[in-house]
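**Student:** Please build the complete structure, drawing on both the sequences and the hints.
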Amino acid sequence: MLQEHAKIVDFISTAEGVTGRKKLQKMIYILKKIGMPFQEKYEFHIYGPYSEELTARVEELCDMGFIHEQKEDKSSYVQYRYTVTDEGLEFRNALGKPELADAAHAVKLNGKSARFLELTATLLFFDDLEQSEQIAKLHSVKGKLNFTQAEIAEAFAFIGELRQ
Amino acid sequence: MDYANQKLAEEKVFKDPVHRYIHVRDQVIWDLINAREFQRLRRIKQLGTSYLVFHGAEHSRFSHSLGVYEIVRRINDDIFHERPEWDESERLVVLCAALLHDLGHGPFSHSFEKVFNVDHEDFTREILQGDTEVNSILKKVSAEFPKKVAEVIGKTYANKQVVSLISSQIDADRMDYLQRDAYYTGVSYGHFDMERILRVMRPFEDQVVIKSSGMHAVEDYIMSRYQMYWQVYFHPVARSAEVILRKILQRAKYLSGHGYKFEQPPTHFLAFFDNSFTLKDYLALDEGVLMTYFQLWLTERDPILSDLCDRFVNRRLFQYVDFDPGKDYKKLGELTQLFERAGIDPEYYLIDDSTSDLPYDFYRPGEEEERLPIHLLMPNGDIKELSRLSQIVDGISGKRRTDYKLYFPAELLIDGQKKEIKQQILELLREGGV
Numbered sequence: 001m002l003q004e005h006a007k008i009v010d011f012i013s014t015a016e017g018v019t020g021r022k023k024l025q026k027m028i029y030i031l032k033k034i035g036m037p038f039q040e041k042y043e044f045h046i047y048g049p050y051s052e053e054l055t056a057r058v059e060e061l062c063d064m065g066f067i068h069e070q071k072e073d074k075s076s077y078v079q080y081r082y083t084v085t086d087e088g089l090e091f092r093n094a095l096g097k098p099e100l101a102d103a104a105h106a107v108k109l110n111g112k113s114a115r116f117l118e119l120t121a122t123l124l125f126f127d128d129l130e131q132s133e134q135i136a137k138l139h140s141v142k143g144k145l146n147f148t149q150a151e152i153a154e155a156f157a158f159i160g161e162l163r164q
Numbered sequence: 001m002d003y004a005n006q007k008l009a010e011e012k013v014f015k016d017p018v019h020r021y022i023h024v025r026d027q028v029i030w031d032l033i034n035a036r037e038f039q040r041l042r043r044i045k046q047l048g049t050s051y052l053v054f055h056g057a058e059h060s061r062f063s064h065s066l067g068v069y070e071i072v073r074r075i076n077d078d079i080f081h082e083r084p085e086w087d088e089s090e091r092l093v094v095l096c097a098a099l100l101h102d103l104g105h106g107p108f109s110h111s112f113e114k115v116f117n118v119d120h121e122d123f124t125r126e127i128l129q130g131d132t133e134v135n136s137i138l139k140k141v142s143a144e145f146p147k148k149v150a151e152v153i154g155k156t157y158a159n160k161q162v163v164s165l166i167s168s169q170i171d172a173d174r175m176d177y178l179q180r181d182a183y184y185t186g187v188s189y190g191h192f193d194m195e196r197i198l199r200v201m202r203p204f205e206d207q208v209v210i211k212s213s214g215m216h217a218v219e220d221y222i223m224s225r226y227q228m229y230w231q232v233y234f235h236p237v238a239r240s241a242e243v244i245l246r247k248i249l250q251r252a253k254y255l256s257g258h259g260y261k262f263e264q265p266p267t268h269f270l271a272f273f274d275n276s277f278t279l280k281d282y283l284a285l286d287e288g289v290l291m292t293y294f295q296l297w298l299t300e301r302d303p304i305l306s307d308l309c310d311r312f313v314n315r316r317l318f319q320y321v322d323f324d325p326g327k328d329y330k331k332l333g334e335l336t337q338l339f340e341r342a343g344i345d346p347e348y349y350l351i352d353d354s355t356s357d358l359p360y361d362f363y364r365p366g367e368e369e370e371r372l373p374i375h376l377l378m379p380n381g382d383i384k385e386l387s388r389l390s391q392i393v394d395g396i397s398g399k400r401r402t403d404y405k406l407y408f409p410a411e412l413l414i415d416g417q418k419k420e421i422k423q424q425i426l427e428l429l430r431e432g433g434v
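In order, the protein sequences belong to chains A and B.
The first sequence begins at 1 in our numbering and counts up one residue at a time.
The second sequence begins at 1 in our numbering and counts up one residue at a time.
Simulated from the structure, these hints should not be mistaken for lab results.
A hint or two may mislead.
To be verified - Partial chain A-side listing against chain B, Cβ under 8 Å, derived:
#1 MET1
#2 LEU2
#3 GLU40
#4 LYS41
#5 ILE46
#6 ASP63
#7 ALA94
#8 LYS137
#9 SER140
#10 VAL141
#11 GLU151
#12 ALA153
#13 PHE156
Claimed, not checked - Part of the chain A face toward chain B, derived, beta carbon under 8 Å:
#14 GLU43
#15 GLU60
#16 GLY160
What you are looking at is a predicted structure, and each value in this text was computed from that prediction instead of being measured.
We put the beta carbon where it would ideally sit given N, CA and C, even for glycine.
**Tutor:** Following this line, the structure appears as structure tokens:
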């Protein structure tokens with residue numbers, strides 16, 4: 001059980017902090033889809049793939065004092081920033097510092113916007129479909145977000161890059 | 001008449017302890033119930049290992065699936081029928097989705113999925129859309145119909161009212177399992193006034209809402225859910241059995257990968273051990289098959305596998321203590337080393353386990369929450385989120401409760417061997433926190 005907690009701490013530490021719950025959800029999902037050993041179970045929710053298990057794990061890590069959650073008020077909305085505490089680093093190291101294979105992935109993902117990650121994660125959720133069906137499904141479940149062709153093409157290119 | 005609208009010559013009924021009767025008139029539903037993949041659900045218990053604590057809890061996913069179907073059928077045919085906000089053409093797809101929503105569950109799903117890294121929802125989708133009896137029945141409705149049913153179950157269907165009936169914070173799935181599990185476990189929690197809730201459910205825009213006059217019935221439902229999770233679903237002894245079950249499968253997989261020669265070849269598991277399984281392999285498993293292997297493995301040469309099977313089959317479960325990982329993870333490290341020195345493999349005999357639940361949550365504007373709240377329909381037509389009006393629900397909204405336990409075989413620590421080390425283990429376990 002704690003190994004799974006340590007992987008999340010390791011990811012947030014490698015990404016040098018994560019801003020936004022949605023972003024964290026989508027990044028872990030994308031990494032899981034490209035074969036990283038995350039165990040969190042995902043289902044399709046309002047913003048696309050979402051893991052209740054991940055939400056619980058992050059809340060637990062905050063309660064344990066291994067992750068610090070900072071609420072940032074952005075006037076029209078609120079977002080949360082997660083950083084790893086010194087105790088969290090000690091915890092991760094005590095559990096044998098789980099390797100996420102490619103630290104560059106964490107940084108690369110963290111550099112993307114929540115909107116782009118939502119798009120990428122949603123396309124990956126439907127990756128058992130033909131590309132044209134994948135795009136049709138994206139528009140059907142995310143119609144309100146009006147993703148452009150250019151954004152979709154960028155997301156497919158990004159998936160290809162991650163899978164290399 | 002086309003297959004989608006074909007009715008049985010006479011209504012069929014199943015006697016049911018929760019809903020009294022399950023009513024079937026549609027030929028499609030009758031055919032699906034008789035499909036081999038649906039009949040398989042008779043051989044999978046709804047509550048996994050809970051029967052080792054609540055001996056009545058032997059009911060199957062088959063009866064639960066029928067129950068969810070019956071609730072959705074009543075909502076469709078009695079409550080939503082002829083309401084302009086409800087699209088009547090969705091009737092068959094939502095009935096099929098209700099009946100088939102758990103189709104991909106395997107034997108002791110929770111443990112099995114963890115060890116073999118599979119997801120029952122993927123199997124549900126595969127059964128609906130692959131080469132199966134269920135698929136051939138659904139395809140007779142239309143070529144696109146299996147996909148539509150899969151989308152409802154996968155929550156990606158365009159009509160969100162349809163999805164909400166099967167999967168939301170107040171859905172037919174939960175309403176059935178709370179009552180059914182309460183009935184079969186014999187506990188007094190889990191009961192609520194479902195009749196009242198059904199009468200006040202309304203289709204509204206892209207969701208299903210509850211008339212505000214039914215708020216107290218919904219409060220009762222949420223409290224029932226809260227009680228059932230902590231008194232039944234997260235029972236620490238049932239979790240002990242679950243931990244042992246997981247370790248049996250993990251050990252068998254480990255042995256297979258390390259050249260161990262089983263006295264009884266684990267034929268049914270081989271494709272899962274080397275990750276080459278197909279849907280056919282998965283459907284060949286049920287709890288009878290797993291229990292047979294556990295019986296056979298009682299006499300295996302590997303002492304860990306045979307011991308774990310003995311513990312599960314004969315209910316010699318692990319003991320447990322409360323554990324606070326935030327404070328005690330270092331002690332867990334010490335305990336792991338001490339177990340090794342005592343000759344007890346900590347990988348199989350010292351297991352930390354956590355479980356948590358969020359009884360109800362609501363969407364906070366501007367935050368990135370993912371749970372659709374329960375909305376009440378006010379007499380003036382306004383919509384209000386439940387916890388804004390209900391103090392009881394407000395009291396537990398958004399409050400997650402987590403429970404951590406450390407499981408271990410108590411009798412191995414007092415068997416007189418390596419006494420000194422085991423004494424240190426017992427002292428650490430007795431210390432505050434652990």
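**Student:** Does the nearest C-beta of chain B fall within a distance shorter than 8 Å of the C-beta of GLU60(A)?
**Tutor:** This hint holds: GLU60(A) lies near chain B, its Cβ roughly 6 Å from the closest one there, short of 8 Å.
**Student:** Regarding the hint that ASP63(A) lies at the interface with chain B, is the smallest CB-CB distance below 8 Å?
**Tutor:** 7 Å, holds
**Student:** Would the hint on ALA153(A) be counted as holding, given a Cβ-Cβ threshold of 8 Å to chain B?
**Tutor:** Check failed: Cβ of ALA153(A) comes no nearer than 22 Å to chain B, outside 8 Å.
**Student:** Using the nearest Cβ pair, does ILE46(A) come within less than 8 Å of chain B?
**Tutor:** Cβ of ILE46(A) sits 5 Å from chain B, so the hint holds.
**Student:** Hint MET1(A) vs chain B: min CB-CB distance below 8 Å?
**Tutor:** Status holds, d = 5 Å.
**Student:** Would you settle whether the hint for LYS137(A) is holds or violated, based on the nearest Cβ-Cβ distance to chain B being less than 8 Å?
**Tutor:** Interface hint status for LYS137(A): holds (7 Å vs cutoff 8 Å).
**Student:** Tell me if the interface restraint on VAL141(A) is satisfied: Cβ within less than 8 Å of some Cβ in chain B.
**Tutor:** 5 Å, holds
**Student:** Does the closest beta carbon of chain B sit nearer than 8 Å to the beta carbon of PHE156(A)?
**Tutor:** 19 Å, violated
**Student:** LYS41(A) was flagged as interface toward chain B. Is the shortest Cβ-Cβ separation under 8 Å?
**Tutor:** Interface hint status for LYS41(A): holds (7 Å vs cutoff 8 Å).
**Student:** For the hint on GLY160(A), just tell me whether its beta-carbon gets within less than 8 Å of chain B.
**Tutor:** 23 Å, violated
**Student:** Tell me if SER140(A) is really an interface residue toward chain B, meaning its C-beta lies closer than 8 Å to one of theirs.
**Tutor:** Since the shortest Cβ distance to chain B is 6 Å, the answer is holds.
**Student:** Using Cβ atoms only, decide whether GLU151(A) comes closer than 8 Å to chain B, and label the hint accordingly.
**Tutor:** 20 Å, violated
Comparing the model with each earlier hint shows violations of hints 3, 11, 12, 13 and 16; every other hint is respected.
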